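J.: Take the sequences, apply the hints, and build the full model.
Just so it is clear: in the sequence shown, position 31 is 106 by our numbering, and no numbers are missing.
Derived from the structure by calculation, the hints contain no laboratory data.
There are no misleading hints in this set.
Capping the alpha-carbon separation at 27 Å, the derived lysine-lysine pairs in BS3-like fashion look like this: (1) K245 x K324; (2) K312 x K223; (3) K321 x K290; (4) K312 x K324; (5) K226 x K324; (6) K195 x K312; (7) K312 x K290; (8) K324 x K233; (9) K321 x K151; (10) K245 x K223; (11) K245 x K233; (12) K330 x K312; (13) K245 x K226; (14) K324 x K151; (15) K233 x K290; (16) K223 x K330; (17) K330 x K226; (18) K324 x K290; (19) K233 x K223.
DEER-style ranges, computed between Cβ atoms: (20) E265 x K324: 23 to 29 Å; (21) T153 x Q174: 20 to 26 Å; (22) P160 x E265: 32 to 38 Å; (23) E319 x G149: 15 to 21 Å; (24) Q174 x K312: 33 to 39 Å; (25) E111 x D246: 39 to 45 Å.
Computed from a predicted structure; not experimentally measured.
Glycine is no exception: its CB is placed at the ideal position from the N, C-alpha and C atoms.
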Amino acid sequence: RCKRNKVEDASVTKSIPSRLSDCKFAISIMASDVPEINSEPLLLDCWYCPFVHRVNLALSAKSVDIRRTEIDLGNKPTWFSQVSPFGKVPVITYQEGGQTQVLYESLVLAQWVEDYYGAKGPSLLPSSATERARMRIIMARCDESVGKFYKLLRSGSKEEAHAAAEDFRKDLTWLNENIDAQGPYILGSEFRLVDAAALPWLLRAHVLEHYRGFKLSEGLPRLAAYLSALSEDPIVKRTIRPPEGKDWKAELLVKFAGMGGTPVNYFA
76 RCKRNKVEDA SVTKSIPSRL SDCKFAISIM ASDVPEINSE PLLLDCWYCP FVHRVNLALS
136 AKSVDIRRTE IDLGNKPTWF SQVSPFGKVP VITYQEGGQT QVLYESLVLA QWVEDYYGAK
196 GPSLLPSSAT ERARMRIIMA RCDESVGKFY KLLRSGSKEE AHAAAEDFRK DLTWLNENID
256 AQGPYILGSE FRLVDAAALP WLLRAHVLEH YRGFKLSEGL PRLAAYLSAL SEDPIVKRTI
316 RPPEGKDWKA ELLVKFAGMG GTPVNYFA
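T.: Listed below in structure tokens is the structure:
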């Protein structure tokens, strides 16, 4: 989950008022700023957060146009903490069974997209039990690698960066070997949940190269081909939504500056 300059992820259902403006804490908030929670799911979105990106990729693959409220994690709205249990995104909330449901955890929500909108769009799950298990193994390994991405980004010396890169490179090499040779997706010809799980950090490879000089897909031909193909994929393109008039990659460098600090090429 994204929380200002932190990387943490937690799924729960929590009862809250169906109209946030009914709460005492909302008295000073303009009514137009407070999202209405009804039977239509609402995503608390954040264009630059890779954890939210997982959910948006799943939604895009299912061709679902969900209601959204953009959250700036550096300037959170007053009501946000009343909806997000840990002050993080992504969160999906809606009315069901007479209660307001509040769901979170990026991988849980990506799976929720398939469960909730199953009949809409292509399935995000392989058809066989074996392939589903294999998919979940890759997803678990990708999730474990997220912290290694940030460890490398935060490294403060050449020695620290090379140690972090060696550890991260092992995971990338393993992923490279497990990408379908024909592609274009990890498991073959169809976009699956595993692509939604892995892509957000792979698509931010330029952040590591800019701040630490680390070339993520160097020497990994399947991973390089995967990134090249998916960068132009309509499913992915629909999820790239920087502020109006801004370049997505350039703006991400600004957002990651708090972690990356001064750019230093430790791999020159």
